[in-house]
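Chain by chain, the residues:
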Amino acid sequence: MTTPHPHAAPPLLQMSGITKAFGPVLALDGVDFTVAPRQIHGLLGGNGAGKTTLMNVLYGLYSADAGTITIDGVPVTIGSPRDAIAAGVGMVHQTFLQVDVFTVAENVVLGTSTAGVDVPARLRELSERFGLAVDPTARVADLPVGVRQRVEILKALYRGAKLLILDEPTTNLTPQEVDALFGSMRAIVDEGMSVVLITHKIRETMAVCDQMTVMRDGRWVATLDAARTSADDLAARMIGAAPLAVDAAGVPVPQSTGGRTRPTSRPGAVGAAPTDASAARLVVRGLTVTAGADRAPLVASVDIALAPGEILGIAGVAGNGQVELAEALTGCRPVSGSLVLDGQELVGRPTATWLDAGVVYVPEDRQRDGILPGADITENLVLGSHRRLARRGLLDWGRARSDAARAIDEFSIKTPSAATACGRLSGGNIQRVILARAFGRDPSVLLLHNPTRGLDIASTAFVYDRVRRAAAAGCSVILISEDLDEVLALADRVRVVYSGRLVGDVPRESADPYALGRLMTGVGV
Amino acid sequence: MTTTSTTPAPSSQPSAASRRARLSLGAALPYAIAVVAAFAVVAVLIVALGHDPIQAFRAVLTNSFRNQTGVVQTLQKWVPLTLLALAFVIPLAAGRFNIGGEGQMILGATGAVAVGIVGSGLPAAVLLPLVVLAGVLAGALWAAVSAWLMDRFSVNEILSTVLLNFVSFELLDYIASSVWSDPGAGGAVTIPIAAAAELPTVGRPPMHIGVILVAFLAAGAAVLARRSTAGYELRAVGLNERAAKLHGIRTSRVAVASMVVAGAIGGLAGAVEVVGVHHRMLEGIQSNFLLLGIIIGLIARGSLTAVPFVAFGIAVLEVGAGSMQRASGVPVEIVLILEGLILLFLLMSDVIADRVRRSRTVAVAAQEATA
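Chains A and B are the protein sequences, given in the same order.
Its first residue numbered 1, the first sequence is counted upward by one per residue in the working numbering.
Its first residue numbered 1, the second sequence is counted upward by one per residue in the working numbering.
The hints are simulated quantities; they were obtained by calculation from the structure and are not laboratory data.
Computed from a prediction, not measured in an experiment: that's the story for all the values here.
We put the CB at the ideal spot given by N, CA and C, even for glycine.
A hint or two may mislead.
Unchecked claim - Far from chain B by the CB rule (all over 12 Å, computed), these chain A residues:
id: 1; residue: Q14
id: 2; residue: F22
id: 3; residue: R38
id: 4; residue: D83
id: 5; residue: T114
id: 6; residue: V119
id: 7; residue: R124
id: 8; residue: K162
id: 9; residue: I239
id: 10; residue: A291
id: 11; residue: P350
id: 12; residue: I434
id: 13; residue: S444
id: 14; residue: V523
What the hints assert, rightly or not - For each label pair, taking beta carbons as the anchor points, the in silico distance ranges come out as:
id: 15; chain 1: B; residue 1: D173; chain 2: A; residue 2: S338; range: 54 to 62 Å
id: 16; chain 1: B; residue 1: F216; chain 2: A; residue 2: L97; range: 51 to 59 Å
id: 17; chain 1: B; residue 1: L45; chain 2: A; residue 2: G393; range: 43 to 51 Å
id: 18; chain 1: B; residue 1: V351; chain 2: A; residue 2: P10; range: 34 to 42 Å
id: 19; chain 1: B; residue 1: L29; chain 2: A; residue 2: R399; range: 30 to 38 Å
id: 20; chain 1: B; residue 1: V41; chain 2: A; residue 2: I457; range: 52 to 60 Å
id: 21; chain 1: B; residue 1: Q68; chain 2: A; residue 2: K414; range: 54 to 62 Å
id: 22; chain 1: B; residue 1: V351; chain 2: A; residue 2: P507; range: 55 to 63 Å
Could you build the full structure based on these sequences and the hints that come with them?
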C-alpha cells in the first residue's frame, strides 16, 4: 500500500505498514500514517477502526507485529511510553492518569527531574504561550474535566513533545471548552509542533484539522486535505462502501435468520404510523440525565413513543451517552422528565417498580452489570424476580431450580449444571443466561444494549431470533447498538444518539446507512 | 462441613452422587491440612519453649469433655463466639466489614446492666425480656451510627466501627466506675443486676439457657441466609453490587440493614454475658471475642451454617487453654497462635487449590483445543 499524498516538507512522523494482531483479531492491517510538521491531523474512524490502537503503538503502549516508524526522518524503535516521550511524542488519553491529591505542578513534573528548573515559572510560561489557563497550585481533584485535560496537555508539552496525540478530547467538554481547546491546538501548531486529533466527530475535524486520515476495520482508507473534502465525503468513507447488503434501490435487506421478513407482517405491529401516540404503550418525554453543575447533560431531553411489538433501533458511536440513556430508560439512575408505560408514570420510582411494570434491561457490560459471577446459574436467573418467587419471605428454590433447568434447555446454555458459577461460563453463555432471565420476566419493554458484542455467529443469530419472537409476541423493544448492521437487521425504526441526544427518525425501509453515518458523526445535526 | 458420607445413590444417577462425595471431600481436605499443619507448627513452638507438646495438646483438647464443668464452660463460651462471628459474617456477605463487634457487645452489656439495675422490683417475666431487648437495641443503635455514616457520607465502615470500639471502652469504664460502681469490687465493676433479670439455668453444674436460645438463633439465621429473599439480596449485594442495583435491589438499604442486624447480634452477645454469666458488667467483658469472631467467620468462609461448628471448635481450644497452662506450663497465648495459624494455613491452601484448579482447567482446555 502506498501513500498517495505527497508533502512539500519532510514528514514529522511517518508510520509505514503497521500491523498488530490481538489473538485472531487483526486490529491494524498494514496501516500507513504520515503527519507533516506544523499540522493538525485528524484521525477519523468509527468503533474498532483502529485509530486508538495505531496511536497506542506510536506511544509505546502496544508493540507492533510489523511496520516501521520514523520521526523527523530518523527511524525509531518505541518500546514504551518512555521511549515515545524521549522521541518527542506526547499523548492525552480519554481517561487521565493523574494523582488526584497532587497539585497541577506536582502532576506535571511527576517522573521528571526538577533539578535547576523553576517549575511554576515554566508552567506559567507554557500556559500563557498555548492559552492553557491553569493554576499550578490547584489540587487536581478540585478541577473540572476541561481543566484536567489542560493539565494533561501541559504534561506532554513540559516533557518536550513535538507531536501531541489527543484521543477523543472533546467527549466530555462543553462547547466553550471545545473552542478553548481548539484555540490551544492552533497555538501549539503555530509554535512549530503538530497535533493528531483522534475522533469520530466529523464536524470538529472539519473545523480544526488541516488534513485527515480515515481508517476503517483496522485499515487505512484515505488521507485528505481539509480544503479538498467535505463532511459527506468523510462520512461515506468512514461508513464504508458495503456495510450491509443493499439492494439496487438502496434499501437494506434484513438477514433472514428469524421467522419474519417484513416488520409490518407481525401481529400487534402498527405498520403505517408506528409513532402514533394513541398506539404507543411507552411514551418518553424530555428524559434528561444531568452530569452536574455547568456540564452538558449526559442524556438531553429524549422523546420516544413506542407501540407494542415495535423494535426501535438506536445507532451511534460509543461514548455518546448510550449507557446513560439505557440506564435512564430502565430506571437504573435518577432522571428528570417523564416515562409512562401503559399509563403508569415510572420516573422517580425505585428500580424494582420499573421491573414490576415490565421494563427489562439487558446491559452492555455483562460481567459488571448483568450477573452475579460467584453465584450459580439458578441464583442468577432469579435475580430481579426473587421477590415474586417468595412466599412469606422464603424463596421457593425448588421452583427456581426447575425453572432454571427449563431455561438452560430452552436457551441452550452450555454448562455442566445449574449449580455452576455463572462467572465461569463463556461470554456467549453468560449472555444466554441474561437473556433467559430477561425473557423469563415476560417483558413489556425490553432494552438491549450491544446484545451481540463479542458473540459468535450462532449466538448472534440466536439473540436476533429471540428478539424478533419477543416483538412478535407484543413486546416493545429498544435496541441500542454501535453496530449499524445490527440495528438495520432488527429495527422497525432507526434513530441515532449523538452527544446524548436522539436525532433522526427513519423507518427501516427508507434507512440509508450513509445518512445515518452522517448523523452518527454529527454532520447535519 | 466436613461430611463425607453420602446417601445411597439412586442407580439412575450414580455420577452425581459420587461427584458430590468428591466435592465435599475436596472441601474438607484444606481444613484437615490446615488444622494438622497449625498443630505441627505450634508443637515445634512448644518444644522450643521447653515443654511437652503431646501433654499440652491432650490438656487442650480433652478439658472440654472430661467432665460436666468442662462441657458447660465450653458451651457458655460458644455463645458469644457464635454471636460475634455472626455479627462479622452477616455484613461480610454484603461486602461490608463490621469490626465493631466488641463495641456493640459492650453497648449491649451496658443496656442490659442499666435496665437490670434500674428495673429491679419488676417480675422476672417482664424484666428479663426487657433487659435482653435493651442490650439488643443498644448494640443495633451503636452499629447504626457506623451504618449511617457509611450510607450518608461514605465513611469507611471499618474505620468507624473500630473507632467506636474505643468509645465503648470509655463508656464501659465510666458506667462501671462512676455510675453503678461496686465499691467492694476493687475495680471497674458494676453492682449486680436484679436477681429477676438473671437468665434461668439448667442442669448441674448450671448452664444458662442462653446456650439453647443462641442455638436456635444460629440455626434460624442459617436457614434465613439460604432461603429467604433477605438472605438472597444480602448475597447479591456482596457478589455484585452494581448488578444487584440494576435488578431492583436497594443495595444501600441492604448494606445498612446488614450492619444494624450485626449490631443487634453483638448487643445480644453482651446482654447474654451479663444476664447469663457475670450478672454485672465489668471491665474486659468483651474479652477477645471480636478477634475470635473474625477468625471463626473467616474459617467458616462466611457461611452462616458453618459458623456454629467452627465456633464450637474454637470454644474447645479457648476453654482448654487454661487447663493446658496448669497441666504443662505452656502459656495460654499459644492457643491464640494456634487459632491464627489454622486460619492462615486455610487461606494458603485456598491459594494453592485455586492454582491447581486453574492449571487443571488450562490442561483440559488445551486437550479440548487439540482434540
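Hint check:
1. Q14: holds, 40 Å
2. F22: F22 (chain A) is indeed farther than 12 Å from all Cβ atoms of chain B, at 18 Å.
3. R38: holds, 47 Å
4. D83: holds, 34 Å
5. T114: holds, 34 Å
6. V119: holds, 34 Å
7. R124: For R124 (chain A), whose nearest Cβ neighbour in chain B is about 36 Å away, the distance exceeds 12 Å, so it holds.
8. K162: holds, 43 Å
9. I239: Given a closest Cβ separation of 33 Å, the condition holds.
10. A291: With a cut-off of 12 Å, A291 (chain A) remains clear of chain B, as the shortest Cβ separation is near 19 Å.
11. P350: Not fine: 7 Å to the nearest Cβ puts P350 (chain A) too close to chain B.
12. I434: Answer for I434 (chain A): violated, closest chain B Cβ roughly 10 Å.
13. S444: About 15 Å separates S444 (chain A) from the closest Cβ of chain B, which puts it past 12 Å; holds.
14. V523: For V523 (chain A), whose nearest Cβ neighbour in chain B is about 34 Å away, the distance exceeds 12 Å, so it holds.
15. B:D173 with A:S338: 54 to 62 Å: holds, 58 Å
16. B:F216 with A:L97: 51 to 59 Å: Since F216 (chain B) and L97 (chain A) have Cβ atoms about 55 Å apart, the given range 51 to 59 Å holds.
17. B:L45 with A:G393: 43 to 51 Å: At 49 Å between Cβs, range holds.
18. B:V351 with A:P10: 34 to 42 Å: violated, 57 Å
19. B:L29 with A:R399: 30 to 38 Å: holds, 34 Å
20. B:V41 with A:I457: 52 to 60 Å: About 56 Å separates the Cβ atoms of V41 (chain B) and I457 (chain A), which means 52 to 60 Å holds.
21. B:Q68 with A:K414: 54 to 62 Å: holds, 58 Å
22. B:V351 with A:P507: 55 to 63 Å: Given about 58 Å between the Cβ atoms, the range holds.
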